[in-house]
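J.: Reassemble the complex: the two chains are provided individually, in unrelated frames, and hints are given to aid placement.
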Amino acid sequence: EAGVVQSPRYKIIEKKQPVAFWCNPISGHNTLYWYRQNLGQGPELLIRYENEEAVDDSQLPKDRFSAERLKGVDSTLKIQPAELGDSAVYLCASSSTATFETQYFGPGTRLLVL
Amino acid sequence: GQNIDQPTEMTATEGAIVQINCTYQTSGFNGLFWYQQHAGEAPTFLSYNVLDGLEEKGRFSSFLSRSKGYSYLLLKELQMKDSASYLCAVEGANSSYKLIFGSGTRLLVRP
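Note that the protein sequences, when read in sequence, are chains A and B. If you're matching positions, the first sequence starts at 212 in the working numbering and goes up one per residue. If you're matching positions, the second sequence starts at 1495 in the working numbering and goes up one per residue.
Only chain B is shown next, with the shape it has when bound in the complex (with noise of 0.2 Å):
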């Protein structure tokens, strides 16, 4: 079966760094997304890795590692409006490209 795992709720303090983890068992692998979602909004793109390895993107970074099924966002320096969802999907090459999503993290940040 197809499953990704994430915490559901994280709590950090503003101007603090925060990871939020994700787990996947997928039907091959094209490269995992994440986004984030705003309450009541669209879920805005963030980052895209397809190879093992961090990838830095400003005050947010994601990293991947293929052979666990394993990737992090990283958020630092943490800013109110950073309070959201953040959701990690999976590409599956065997299911015909379509993105698999996680639950989504709800981060709360607090000052």
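Only chain A is shown next, with the shape it has when bound in the complex (with noise of 0.2 Å):
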């Protein structure tokens, strides 16, 4: 069974330009999670799908953070425009449920803001 699958690997980018990041699920999976991790600290949760509905994006800076899952299955998660302090690991899990099911980890998408 494949993992969850996340592209690019890594991106470098000058401040204020635009970056996006793509992320297909395990196939199944219907809730879908992206993550940020700062270097030396946990995943923190961005936002979360229920198929193609956002359950959860109260961590999401909404005046440059987007995200989408137009069909329910793979998403991306967008910057515009990307600042200094975006700098991280961008990662994306998928479960089979909300509640109780454990989460999968994609590789992540490691952005440098230069």
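Take the hints with a grain of salt, since some may be wrong.
[To be verified] Okay, the calculated beta carbon distance ranges per label pair:
#: 1; chain 1: B; residue 1: Leu-1548; chain 2: A; residue 2: Asp-285; range: 34 to 42 Å
#: 2; chain 1: A; residue 1: Leu-281; chain 2: B; residue 2: Thr-1507; range: 47 to 55 Å
#: 3; chain 1: A; residue 1: Ala-231; chain 2: B; residue 2: Glu-1508; range: 42 to 50 Å
#: 4; chain 1: B; residue 1: Asn-1497; chain 2: A; residue 2: Glu-225; range: 30 to 38 Å
#: 5; chain 1: B; residue 1: Gly-1522; chain 2: A; residue 2: Leu-295; range: 30 to 38 Å
#: 6; chain 1: A; residue 1: Gln-228; chain 2: B; residue 2: Gln-1513; range: 41 to 49 Å
#: 7; chain 1: B; residue 1: Ala-1533; chain 2: A; residue 2: Val-216; range: 15 to 23 Å
#: 8; chain 1: A; residue 1: Glu-279; chain 2: B; residue 2: Gly-1509; range: 48 to 56 Å
No wet-lab data here; the hints were simulated from the structure. C-beta atoms are modelled at their ideal positions from N, C-alpha and C, and glycine is treated no differently.
T.: Quick look at the structure:
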């Protein structure tokens, strides 16, 4: 069974530029999560989807971050414009349901904003 | 507020046993997870505790005491490949079932 797929694996951009990350969850997983992980810290949830509905986006900086999961499968996270402080690893995870189920993580996209 | 505490770093010797502690204060409790994360890689699931007691899975065991807000991960017969960060995460029932992660414990296994 294929795991969570993310691309790109690495991205270097200049500040004020836009950037997008893509995630394809494990087949059959209805719940998809985007996390941000700063160096030496644990992941922090940005947004959670149940199928195509964003059910928890309370920690998503909505002035510059956006996400979509139009068909309830793969998802895109966008930052526009990027700031220096956005440098981090962006992790996508999926689970079969939201509660009591293990989340499986993708390899992440390592973003460096210069 | 919500808070998860774990030691920042630990060092142990190959073949030994190490215990990584985690204390938590969260709004509600639906379970506690331990993840392993090698440098530059994704977190991978190790264990899940929802009831008090010890869950054993091969060389790894995880313990939970809900009344004390405390868990530990026990690694036996340490191998060099166990050098990694170990993340404690709590699923809080009052937080839309969101996983709250600790900062992780970086374990270094020496020969």
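J.: Which of the numbered hints are not met once you compare them with the structure shown?
T.: Every hint satisfied by this model.
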